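Sequences listed follow chains A and B, in order.
Mapped onto our numbering, the consecutive letters of the first sequence carry residue numbers 1449 to 1844.
Mapped onto our numbering, the consecutive letters of the second sequence carry residue numbers 1449 to 1844.
Don't read these hints as lab results, they were simulated from the structure.
Model, not experiment: these values are computed from the prediction.
Please note that the accuracy of each hint is not assured.
[Claimed, not checked] If you want the ones that stay clear, here's a sample from chain A, every Cβ over 10 Å from chain B, calculated:
hint, residue
1, Lys-1537
2, Ser-1580
3, Asp-1732
4, Gly-1737
5, Glu-1745
6, Gly-1765
7, Asp-1823
[What the hints assert, rightly or not] Each computed PhoX-like pair below joins lysine-lysine, with the alpha-carbon atoms no more than 20 Å apart:
hint, chain 1, residue 1, chain 2, residue 2
8, B, Lys-1715, B, Lys-1675
9, B, Lys-1675, B, Lys-1664
10, B, Lys-1692, B, Lys-1675
11, B, Lys-1603, B, Lys-1573
12, B, Lys-1803, A, Lys-1734
13, A, Lys-1803, B, Lys-1734
[Said to hold, decoys possible] Which chain B residues stay away from chain A? Per the calculated CB distances, all over 10 Å, these:
hint, residue
14, Leu-1513
15, Arg-1526
16, Gly-1574
17, Pro-1646
18, Asp-1732
19, Pro-1753
20, Gln-1802
We treat Cβ as the ideally placed atom computed from N, Cα and C, and that holds for glycine.
2 protein chains.
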Amino acid sequence: MDDRLSDMKILAVTCVFALQALAQGQQANPLGDGPWVFNTAERNTRIQVSIVTHGLSHPWSIAFLPDGAVLITERPGRLRLIRNGALEKEPVADLSALNVDQLFDIALHPKFAENGWVYLTYIKKGKRPDGSNGYWATTALARGKFDGSRVRDVKDIFVADAWEPLNGGDASRIVFAPDGTLFMSSSHRRNPDAPQDPKSDAGKILRLNDDGSVPKDNPFVGRAGYKPEIYSIGHRTVMGLVFKPGTNQLWETENGPQGGDEVNIIKPGLNYGWPLVTYGRDYDGKRMGVPYRADMEPPELFWVPSVTTSGIAFYSGAKIPAWRGNLFVGAMTVGRIAGTGNLQRVAFNENGEQKRETLLSDLHQRIRDVREGPDGLLYLLTDENDGVVMKISPAQ
Amino acid sequence: MDDRLSDMKILAVTCVFALQALAQGQQANPLGDGPWVFNTAERNTRIQVSIVTHGLSHPWSIAFLPDGAVLITERPGRLRLIRNGALEKEPVADLSALNVDQLFDIALHPKFAENGWVYLTYIKKGKRPDGSNGYWATTALARGKFDGSRVRDVKDIFVADAWEPLNGGDASRIVFAPDGTLFMSSSHRRNPDAPQDPKSDAGKILRLNDDGSVPKDNPFVGRAGYKPEIYSIGHRTVMGLVFKPGTNQLWETENGPQGGDEVNIIKPGLNYGWPLVTYGRDYDGKRMGVPYRADMEPPELFWVPSVTTSGIAFYSGAKIPAWRGNLFVGAMTVGRIAGTGNLQRVAFNENGEQKRETLLSDLHQRIRDVREGPDGLLYLLTDENDGVVMKISPAQ
């Protein structure tokens, strides 16, 4: 198919999509049923985006179970299950004892097939220290056991010391390392002093054992004035954590204010600078900090202006050969029609970043998470009222 | 109209646009006849984008004449005229004596109503210094006189000393200062050494009198080893130049390689760093230079990854009140479906940049230039085979 014909086909698909959305008229950025076909910057790669399921409220994270089922967290505090392509109507865990304000990430234990352990991070509400009215909140890690249909006995195994007033937007990711320890991010909780304070868990990446205890070889164990669970310092809102496949490199996405969204490579005991070092500006336009300090870590990649980075994945599958080894970063750029969410693709060569591409902006969806599925396709979650799971496959 | 209805209307408009484009099927990114209506980030501002004329080949710059006609340069080397909304079929200047490789900017003399002088910048082809086969080229400034229907007697008044092999993409802007002098940009001509070399005009912003001579109060006049026409040093591809209305501040857009597109405020005698200081990477992914040096000027604004900045305008009109004082920057991001041209809007407050917005990406056009017309509307040129003049007005 020549270029003109392929572009015409894309326009036709876009038009059908617009008509579907118009007919449904359900929400600000209505997404139809697809599929949609797009060209990409790689001439040999055309992709099809198709819906796995509609009907999720602000889905945040996804875990693929060995039996083919899929667990999904919804930010309002529900755990959902997709089996045989169908979303079960009722949540599959009782989280009422946790006092969840926002539910974030889900991860399976590396030996999930044997032990069924499922890990969840969330914002936990609690009473103010002085007992007065209103809530404080912190970031917590809970663990439960999947029995084949439900996740049972979900209990906290670690509650971060990052208590601050309950204040909306936040994030926490978890990822298991090749050595079996668990990395958990604890965002800044909108306290500008906490990320540089070694006595607070806020604005840190933490390293824990699979039972929530602290590994003895953590970088600050035994250092006075430092919480022993801290692995790295000086983070803002950590939206994504992933190990680069086949390596011990931990990659992280972190949102700046206006400008200064970052991808960092996280190393033990280092300081990533927030709020002292940033490419961003505050929401009132004031410059914050400086762009560089020799004693703090610069980002590996950054975005100015912000795209509102979210989940992160390396693609290692065989289905889309041109994308092997590429990094994918969800983008949730604020704004409905003007400036829209998309999927950022970063290709590397021996020198580092080689090029970037913006994908799927025509869908006008906030992309919350991106993962490679066990089938070698890329799966995306949309942070919308009618949130969906979508998958990207090669177009015919 | 509530948000849902307004979004539905926009989708309907988008769909009609897609159908029109499909029916025409003329080019890779076909643009129909519009108009299109878009929401913006400002809740009180909905805009309509409408076509002034189709049928231009890679239009580069636009000048509004006192009698209501409009002159437009086409990059392949033609000067076109729009009168009473209709594009005249034939070019209105004979530029054959200039040896134009690419035609860029057009500017009217501040006293155009009296003297009819029109200024053009372009890439001029010439023989190699050793007389061997193949062309060299440099940036030149020509002047002609508009007689009411044609621009006659177009002759060079300044030829930059920026001769390099003829090598494709380039740019040169011209703008008259409040004091009547003329600023002309001379891009890097793909010579990495030239922008820091004070004996070369390449990679510089130059200041000239209206006859092409050098003003005696230029910053390097009389300094050994410096060309006297140089005003500032260390530029790459300068795509836009504009004086902030009511001030003597000269604002400039400049394209980095991958990443590091910049807006600079140009001051006499200063060094803007290319290629020693940049936020960008080379096309092979290698880091270039450093992000900051105390002895060189940092950008006022920058984009990472690149949006391929082009023309620049401050909006000072009354028709779109929420945009008064905002900066608009054309964006031509490479790529057809994935990553598309758009219009960048930057709002300021007393702290500097306050927020940015990406507009018109749904039109999938490379925006080459943006200007405020005498009617207080914003006019855009698209860098396409079927290039258009579009205008942005408030939507009803």
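Hint-by-hint comparison with the structure:
no.: 1; hint: Lys-1537; result: 26 Å, holds
no.: 2; hint: Ser-1580; result: 35 Å, holds
no.: 3; hint: Asp-1732; result: 6 Å, violated
no.: 4; hint: Gly-1737; result: 13 Å, holds
no.: 5; hint: Glu-1745; result: 14 Å, holds
no.: 6; hint: Gly-1765; result: 19 Å, holds
no.: 7; hint: Asp-1823; result: 23 Å, holds
no.: 8; hint: B/Lys-1715 <-> B/Lys-1675; result: 17 Å, holds
no.: 9; hint: B/Lys-1675 <-> B/Lys-1664; result: 12 Å, holds
no.: 10; hint: B/Lys-1692 <-> B/Lys-1675; result: 27 Å, violated
no.: 11; hint: B/Lys-1603 <-> B/Lys-1573; result: 15 Å, holds
no.: 12; hint: B/Lys-1803 <-> A/Lys-1734; result: 11 Å, holds
no.: 13; hint: A/Lys-1803 <-> B/Lys-1734; result: 11 Å, holds
no.: 14; hint: Leu-1513; result: 33 Å, holds
no.: 15; hint: Arg-1526; result: 25 Å, holds
no.: 16; hint: Gly-1574; result: 35 Å, holds
no.: 17; hint: Pro-1646; result: 28 Å, holds
no.: 18; hint: Asp-1732; result: 6 Å, violated
no.: 19; hint: Pro-1753; result: 5 Å, violated
no.: 20; hint: Gln-1802; result: 4 Å, violated
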